[in-house]
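Going line by line, the protein sequences match chains S and C. Heads up: the first sequence at position 97 corresponds to 96 in numbering that gives the first Met the number 0, and the numbers run straight through without jumps. Heads up: the second sequence at position 432 corresponds to 431 in numbering that gives the first Met the number 0, and the numbers run straight through without jumps.
Hints are computed from structural coordinates only; laboratory data are not their basis. Treat the hints loosely; a few may be bogus.
[Stated by the list, open to error] Stretch by stretch, here's where chain C covers chain S in the computed footprint (C-beta under 8 Å, at least three residues):
#	stretch
1	89 to 98
2	103 to 109
3	128 to 135
4	140 to 152
5	213 to 219
Think of the CB as a built atom: it goes at the ideal place given N, C-alpha and C, for glycine as much as any other residue.
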Amino acid sequence: MSKPYSFQRMIFRLKQYWDERGCIIQEPYDVEVGAGTMCPETFLRVLGPDPYRVAYVQPSRRPADGRYGENPNRLYKHQQLQVILKPAPEDVIAQYLGSLEAIGIDLSKHDIKFEEDNWESPTLGAWGVGWQVMLDGLEITQFTYFQQCGGVDLDVAPAEITYGLERLAAFLQGVESVYEIEWTEGFSYADVRLRDEQQFSVYNFDVAEIGTLWKMFELHEGECQRLLAGWAKSEDKDRYPVLAAYDHVLKCSHLFNLLDSRGAISVTERVAVIARVRKLAVGTAQLWLKQQTKETAA
Amino acid sequence: MSRFLLEIGCEEIPDWMIVPALNHLRGAVQGLFDEQLAGARVERTEATPRRLALFARDLIARQPDTVELVLGPPKSAGAGAAAGFAKKNGVTVADLETETTPKGEYFALRKKREGREAVQVLAEALPKLVLSIPWPKTMYWTSRNGSRFIRPIRWIVALLEDSVVKFEIEGVASGRHTHGHRLAGAGPIEVTIDDYEQQLAGHGVYLGAAARRERIEQGMAKLLDGSGHRIEPDAALLETLVYLTENPTPILGTFSADYLRLPREVLSTVMRHHQRYFSVEDANGKLAPQFIAVMNTGADPDGLVRSGNERVLRARFNDAQFFWQGDLKRPLESRLEDLKNVTFQAQLGSYYDKTKRVAALVESLGGGAEAARAALLAKCDLTTSMVKELTELQGVMGGLYAREQGEPENVWRAVYEHYKPLSMDDSIPSTKAGQFVALADKLDTLRACFGAGLIPSGSKDPFALRRAAQGVVKILVEGGTGVQVEETGELGEFLLDRVKYYFREVRGFAYDEVNAVLAAGWGNLPDVLRRLEAVRAVRPTADFEPLAASFKRIRNILKQAGVEKRGEVDEALFDNDAERALFAEMNAVTGAVHTPGVTYPAALASIASLRPHVDHFFDQVLVNTADERIRANRLTLLCNLLTEFSTIADFSEIVTEKAESGTHSS
Numbered sequence: 000m001s002k003p004y005s006f007q008r009m010i011f012r013l014k015q016y017w018d019e020r021g022c023i024i025q026e027p028y029d030v031e032v033g034a035g036t037m038c039p040e041t042f043l044r045v046l047g048p049d050p051y052r053v054a055y056v057q058p059s060r061r062p063a064d065g066r067y068g069e070n071p072n073r074l075y076k077h078q079q080l081q082v083i084l085k086p087a088p089e090d091v092i093a094q095y096l097g098s099l100e101a102i103g104i105d106l107s108k109h110d111i112k113f114e115e116d117n118w119e120s121p122t123l124g125a126w127g128v129g130w131q132v133m134l135d136g137l138e139i140t141q142f143t144y145f146q147q148c149g150g151v152d153l154d155v156a157p158a159e160i161t162y163g164l165e166r167l168a169a170f171l172q173g174v175e176s177v178y179e180i181e182w183t184e185g186f187s188y189a190d191v192r193l194r195d196e197q198q199f200s201v202y203n204f205d206v207a208e209i210g211t212l213w214k215m216f217e218l219h220e221g222e223c224q225r226l227l228a229g230w231a232k233s234e235d236k237d238r239y240p241v242l243a244a245y246d247h248v249l250k251c252s253h254l255f256n257l258l259d260s261r262g263a264i265s266v267t268e269r270v271a272v273i274a275r276v277r278k279l280a281v282g283t284a285q286l287w288l289k290q291q292t293k294e295t296a297a
Numbered sequence: 000m001s002r003f004l005l006e007i008g009c010e011e012i013p014d015w016m017i018v019p020a021l022n023h024l025r026g027a028v029q030g031l032f033d034e035q036l037a038g039a040r041v042e043r044t045e046a047t048p049r050r051l052a053l054f055a056r057d058l059i060a061r062q063p064d065t066v067e068l069v070l071g072p073p074k075s076a077g078a079g080a081a082a083g084f085a086k087k088n089g090v091t092v093a094d095l096e097t098e099t100t101p102k103g104e105y106f107a108l109r110k111k112r113e114g115r116e117a118v119q120v121l122a123e124a125l126p127k128l129v130l131s132i133p134w135p136k137t138m139y140w141t142s143r144n145g146s147r148f149i150r151p152i153r154w155i156v157a158l159l160e161d162s163v164v165k166f167e168i169e170g171v172a173s174g175r176h177t178h179g180h181r182l183a184g185a186g187p188i189e190v191t192i193d194d195y196e197q198q199l200a201g202h203g204v205y206l207g208a209a210a211r212r213e214r215i216e217q218g219m220a221k222l223l224d225g226s227g228h229r230i231e232p233d234a235a236l237l238e239t240l241v242y243l244t245e246n247p248t249p250i251l252g253t254f255s256a257d258y259l260r261l262p263r264e265v266l267s268t269v270m271r272h273h274q275r276y277f278s279v280e281d282a283n284g285k286l287a288p289q290f291i292a293v294m295n296t297g298a299d300p301d302g303l304v305r306s307g308n309e310r311v312l313r314a315r316f317n318d319a320q321f322f323w324q325g326d327l328k329r330p331l332e333s334r335l336e337d338l339k340n341v342t343f344q345a346q347l348g349s350y351y352d353k354t355k356r357v358a359a360l361v362e363s364l365g366g367g368a369e370a371a372r373a374a375l376l377a378k379c380d381l382t383t384s385m386v387k388e389l390t391e392l393q394g395v396m397g398g399l400y401a402r403e404q405g406e407p408e409n410v411w412r413a414v415y416e417h418y419k420p421l422s423m424d425d426s427i428p429s430t431k432a433g434q435f436v437a438l439a440d441k442l443d444t445l446r447a448c449f450g451a452g453l454i455p456s457g458s459k460d461p462f463a464l465r466r467a468a469q470g471v472v473k474i475l476v477e478g479g480t481g482v483q484v485e486e487t488g489e490l491g492e493f494l495l496d497r498v499k500y501y502f503r504e505v506r507g508f509a510y511d512e513v514n515a516v517l518a519a520g521w522g523n524l525p526d527v528l529r530r531l532e533a534v535r536a537v538r539p540t541a542d543f544e545p546l547a548a549s550f551k552r553i554r555n556i557l558k559q560a561g562v563e564k565r566g567e568v569d570e571a572l573f574d575n576d577a578e579r580a581l582f583a584e585m586n587a588v589t590g591a592v593h594t595p596g597v598t599y600p601a602a603l604a605s606i607a608s609l610r611p612h613v614d615h616f617f618d619q620v621l622v623n624t625a626d627e628r629i630r631a632n633r634l635t636l637l638c639n640l641l642t643e644f645s646t647i648a649d650f651s652e653i654v655t656e657k658a659e660s661g662t663h664s665s
């Protein structure tokens with residue numbers, strides 16, 4: 000058997016595979032997100048009738064999942080490869096299976112199961128149905144047919160394929176800990192990312208200043224609200240900065256996650272704060288849709 | 000007569016939805032046959048995650064022609080009317096006939112309706128019928144206005160013998176091509192009704208659920224053959240795997256015996272619930288460091304599937320070990336404060352609030368110190384890492400942590416078992432302290448939810464209150480708490496429903512026996528059980544049902560007369576030996592029934608012995624006599640009789656053959 004792909008070659012190979020299938024290959028979005036789904040390339044592009052095909056790696060930050068770099072399988076920040084196929088082609092699952100073959104998994108020697116796993120994000124007003132894809136008992140991919148985003152029923156149901164890249168690489172390379180993954184020759188995952196995990200776990204769990212986080216949350220929320228409210232009176236709707244409003248939604252969402260991992264959100268507050276973020280997300284999605292469809296009525 | 004095959008090819012359907020969907024499909028297609036193609040019947044339905052298949056036979060090729068008689072105007076209306084009638088029906092007057100009816104002669108038309116081809120009937124009905132399968136959650140996959148189904152439909156086979164029944168669902172045209180297993184023989188594969196199942200088998204798909212079940216069971220037996228080990232049986236897991244695979248093949252994996260230091264509950268839950276593996280026991284019933292995974296493929300030639308699954312399990316067990324050690328660093332009790340941040344229910348506060356209420360309730364029910372301690376600890380495991388990860392172990396983990404931290408057995412066991420019984424088949428907590436905690440926890444949930452108006456209606460029961468109430472009833476009857484039911488109002492009725500359900504469905508008492516006994520009071524449920532057993536024992540004896548019929552008659556007489564209260568019987572007003580005899584016998588039986596230590600069956604036998612005297616009374620005595628005082632005295636006698644002997648059961652609730660006559664009162 001030939002040497003398994005390094006982490007970065009596996010990513011190159013997957014990007015190439017989806018490039019060959021007509022996808023735009025995007026770079027990661029440069030605002031913190033909890034999942035690739037939240038990037039505008041997914042969250043906004045799935046809205047409306049226009050076809051879109053895109054693939055990108057997205058570092059996804061979940062402060063509460065941090066383990067100070069001590070757990071072999073859990074990370075504060077992991078990398079997802081996110082593929083959006085809108086509309087979903089009829090052979091979408093066969094295409095997906097082909098991508099596994101492309102990174103060196105001989106499916107005739109492995110066991111693949113599609114187990115029901117529906118996806119829902121209350122903060123984004125989004126949900127879909129689908130599966131977790133199990134490879135020899137390991138969940139390697141979340142496969143979702145989106146139905147709703149930002150509280151809006153989608154015109155066409157796109158397929159979202161989210162690969163967990165660390166898991167996949169650990170599987171390919173046969174290592175027990177993500178930190179042992181070979182990133183590229185001579186460099187392990189730990190070499191590249193361990194400090195990141197350690198320091199951000201300390202920050203997220205122990206050090207982040209709660210008052211400051213709340214202030215930042217409110218600033219971003221306020222700016223987002225200001226932009227949402229300004230749409231109606233805007234005379235230049237084509238260039239109205241809906242995308243900037245959405246960046247502030249993402250900031251709020253990340254700050255909420257930070258506050259949560261810091262233990263700063265009580266039970267009663269929790270539902271209310273989620274509702275605040277959701278309101279921003281839904282408002283932005285609706286404006287985006289209006290802007291795309293040139294529907295200018297407020 | 001023709002055969003028919005339908006296969007809906009679909010992307011992977013969630014395993015638990017498949018059987019209900021298949022049953023619906025069978026019913027709907029049979030319904031279509033009965034309505035349109037009489038005589039045809041659905042012979043068999045089968046399904047895998049990727050296909051719903053239906054086999055039918057005895058389809059007629061074509062519906063029979065039918066003739067419909069349309070009456071027109073009366074003959075007397077003349078030629079003009081006839082012409083109008085003919086024109087309206089698109090025929091000429093020459094096509095009309097004369098029909099003689101009791102009202103006279105009419106113009107009439109025999110309209111011939113040609114039967115339609117079966118192929119046409121099916122093609123028209125099937126798309127709607129397939130899409131009518133009710134799924135718990137549906138999706139659209141082409142566009143927002145497109146059809147909805149559980150997952151995208153990708154192919155359809157529809158054959159009436161050799162002909163394709165042509166229709167389309169969401170752009171997918173029916174045909175004669177199926178698809179095999181995703182990896183072991185994708186297709187498309189042309190099939191006939193005769194070779195369909197063999198073709199699938201040749202392409203890696205075992206169509207029959209029974210065949211897949213057998214493959215799993217036999218494969219597992221073979222893997223363990225000669226080892227003295229056996230799997231821990233898990234019928235639900237087996238069923239899941241049957242419908243999660245098209246080509247199930249079990250493989251045996253192992254893990255390091257070091258992990259056996261973790262509690263068996265944890266290991267077993269990780270394997271069975273999270274990884275869908277069967278766990279394995281050795282000959283002594285101890286957990287073996289082995290598991291059986293069921294693949295959805297025929298073989299594991301290089302052992303890669305096995306080593307992959309072993310690797311995943313190792314990571315899971317490492318996590319569990321990390322949680323176990325981490326959780327034990329804190330005393331369970333110290334987590335009580337943290338429960339303030341765990342919501343029980345939005346309107347009902349936190350688990351901290353609930354814990355305080357349950358602990359107070361345990362105390363007021365007389366649960367004692369150990370139960371009170373257990374009640375305090377019962378929910379503390381909700382904030383442990385292990386329970387956050389393996390939620391189904393709540394309660395159990397709390398018990399295990401309490402044991403590790405040195406709580407006495409009665410306390411940790413009460414925590415461990417306080418969610419029991421999980422179903423009517425599950426046992427109640429094994430200790431009295433456990434019964435008190437389980438009871439108080441469930442009663443509190445019921446009282447709190449009913450108090451907040453969160454009352455189950457129809458099939459909606461989001462807080463699983465029926466299960467909680469069922470648990471309360473089971474614990475009260477089968478346990479030793481001695482707690483009485485004091486609930487009234489809506490919650491009282493809700494509990495009474497569950498009491499009836501329990502005695503009828505779980506204990507198998509007849510519904511009238513249950514009604515009779517409950518009508519005599521149900522606060523003390525173990526006593527209800529004893530009374531029911533007595534009624535069941537006495538019921539077959541000769542005097543019982545006739546006496547019950549008489550009681551019903553008495554009740555109706557009293558109801559008509561408006562008599563409700565007992566009173567003093569005045570013996571001086573008796574004018575008949577039958578009256579005197581009944582009164583004397585009543586007093587004797589009252590004495591016998593109230594003798595200390597008398598059992599319910601003995602008391603019921605004494606009461607049943609009244610029967611000849613009651614019969615004699617009704618033969619000889621007219622209750623509604625003209626003399627008002629005598630009449631009132633007789634009614635009092637009957638009222639006393641009824642109330643005195645209805646404390647074990649209200650016999651008038653017993654349904655007897657004679658009961659009907661009892662409703663026509665004298």
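Those earlier numbered hints the structure runs against, lowest number first: 5
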